[in-house]
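Got chain R; can you put chain B on it based on the hints?
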Amino acid sequence: MSTRARLAVLLALAVVLVGGTAAYLVGSRDAQLTAARAAPAQATVAPASVATGPRIVFRNTAIGPDYGRVAMVPLSDPGGPRAITDTSCDRVFAASGHTLCLGSETGVVAAYSARVWADGGGAKLDLPLTGTPSRARLSDDARFAATTSFVAGDSYSSAHFSTRTVVTELATRKSVDLETFRLVHRGRAITPADRNFWGVTFAADDDHFYVTVQFSGTTWLASGRLSTRTVQTVRSDAECPSLSPDGTKVAYKKRGDRRPGDWRLAVMDIATGRETVLAEQHSVDDQVEWLDDATILYGLPGEGTAAAESNVWAVPADGTGSPRMLIAKAWSPAVVR
Amino acid sequence: MYLSERPRTEAGRRAPAPDHEGEQRRDRRRGVGGTVVLLGLVSLLTDISSESVSAVLPLYLTAVLGLSPLAYGFVDGLYQGVSALVRILGGWLSDRADRPKWVAFAGYGLSAATKVFLLLAQGLGAVTTVITLDRLGKGLRTAPRDAIIAASAPQHALGRAFGVHRALDTTGAAIGPLLAFSILWFVPGDYRGVFLASLAAAVLGLALLGLMVPDLRPRRRAAAAPSAAPLVTPSWRSLRDRSFGRVVLVSGVLGVLTISDGFLYLSLQQRDSFAATWFPLLFVGTNVAYLALAVPFGRLSDRLGRARVLVGGHVLLVGAYLLAALPSGGLGLTVACLVALGAFYAATDGVLAALTSQLVPAGARARGLATAQTVQAVARFGSSLVFGALWTGLGRGPAVVAVAAALAVAVVACGWLLRGLGATAAAPEAAA
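Chains as they are written, first to last, in my numbering: chain R, 13 to 349; chain B, 87 to 518.
If we strip away everything but chain R, and leave its shape as in the complex, we get:
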């Protein structure tokens, strides 16, 4: 082949490849927009009408211009029209008139942020966040905020992911990394180099909390105290704990002998230590939220290609019944009572 012929082939190939990719992307975008238009219009209401009463705050995942925005529905009508705010978050939590929002803006470099603000307005408070947002919680009275992010570079060989969990007292703006806490395991203080914490849930006394700690390849449910800066392991194979409103039960996800990345939900009675596996048969990768003392909420990815359109489901906390979809096209629910 002459040089000219080779150049011609190369050029033709470039046109086909670049053109083909562009055509696919334009088509895919069109299909998305068409689907968004064809979908029954998302009924919305003004935020003010919902923002004061008992409500569920969540991340809107209906594909369209409002994707990723913080939204809310009245607790009395979760399936009804939603109020959509102007704020975008990857993870959102709300308690006592405060909203905690973990966000990321992807670009050449991704920028991450964690903010808390009072719903009535006023200054927004930036919290430390070092990587991809993962978990967010406020204590019931919004005195403390806890964030978990994935950070790169913590591992011994190159860029494995690990987690960083930070608790901040909002009034004093004092932040503490849980990895600096004393870790007690089977009665002994240990300092494994590979320990990682994630998913804090606060007790009502603003001192006790539950969290996941992992070291030597095993995840543990652990209970901690802010006042003594201590974390103590409770039981293995339990991640992303969430305390019930009455403080008697803790829900979490567990793997059992299933493959990595396949979790089922379980609830432990704190007084007796008895564990109940819940009726949900799908893998749940979420820190669950309690709708009330008998029901828990969690997000699941949408079906097939609509995986990004996750839905919020509810299932009884006593292992009976079956899951039902509570809020379609929603993620990261927080119940404000």
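In case anyone wonders, no lab produced these hints; they're calculated from the structure. The structure displayed is predicted, hence computed values, not measured ones. Treat each hint with caution, since some may be false.
[As the list claims (entries may be wrong)] Distance windows between CB atoms, simulated: (1) R:200 x B:328: 39 to 45 Å; (2) R:257 x B:203: 26 to 32 Å; (3) B:219 x R:15: 28 to 34 Å; (4) B:416 x R:30: 40 to 46 Å.
Beta carbons are placed, not taken as given, at the ideal position from N, Cα and C, and that holds for glycine.
For chain B alone, coordinates are given in the frame of chain R:
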């Protein structure tokens, strides 16, 4: 001139080519030579392809496939570890067949093919397989590609040629994530679109290599040269040259004392609010410095001697460690540290390839390159394990300082070991 820069083993056997002055004029006119730029563009496209995927892979695996961060860490470890194993094989095949282009083509082709499977893959098992194959492809192609660069650039400009190649390569690595996130911005959640664009870039790079890069046959060419030695089968024995052995030893010793970037960034992050907030920017800062300095340092290595720049680059690394070990930081010190780290890569990555190419006879060059680079990679992996233990035992600052001190001593020792090796551009004038 020109001849005196040949490795000693070859220089004596070769009479001046009749038109070597004309050849030099052409060299100057052509800059680094079309083949080097073409290979740089092939790498650029391939890096766009692989980096666009690795930029969105954590999001895709965790958000769409629903894997835990731990499963992701497992995949990521594969991503880093696999390629060193097959690199030696790629070098050996390339020398053996005397077909570096087609061995490299097979490597690039394997990586391109994996992008097709990525479009279809669901679940951890499938993604793991795809990524392993992709890294196998990378391992296979690296040494033969560097051998083509070495064979197509004039000896006195090897450093510059590798500098140009590495600069283009790094440019691709910067474009990849930008492309990926632009696509996700244009069509939210369409990871398939990212994988498709990645496939298109890989196929285009493959076509560029297949259609435009000449099928150089270094061994045959060396044999056909006037008054050349008879065509010999390349063997590991041809690597037994003492100067090459010293280079391998030095790259191993310095590699063991090279802390992985991740640890360095983490060290910056622990003392510095800027580095903590803008953690991902640290990678970019280092890449920008590398990108900007790869060619200048390559040229410098041609002028001052490649061994000198290679060892001297580690002085910059000592500087970066000391900057990172300071108890308190601030934006200026953090940026200075990143620039020193990028400059270290610019002064060592391409320069090691140039130095190796210079010292190894053409027929065994690919395996020579593979050997030096693999020894360096394995040494760096060992360094991560050692440094992890030091960090745990001594704490952040003291661990970094300890390695910096050991590295400073090693730089002096290695400078002594490599003295007189790889002196280049000054030599032609002197010999003329």
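To see whether the hints hold, each was checked on the structure:
1. The hinted range of 39 to 45 Å is not satisfied by residue 200 of chain R and residue 328 of chain B, whose Cβ atoms lie roughly 55 Å apart.
2. Distance hint check for residue 257 of chain R and residue 203 of chain B: the Cβ-Cβ separation is about 47 Å, which falls outside the suggested range of 26 to 32 Å.
3. In this structure, residue 219 of chain B and residue 15 of chain R meet the distance hint of 28 to 34 Å, their C-beta atoms being roughly 33 Å apart.
4. At roughly 44 Å, the beta carbons of residue 416 of chain B and residue 30 of chain R sit within the given window of 40 to 46 Å.
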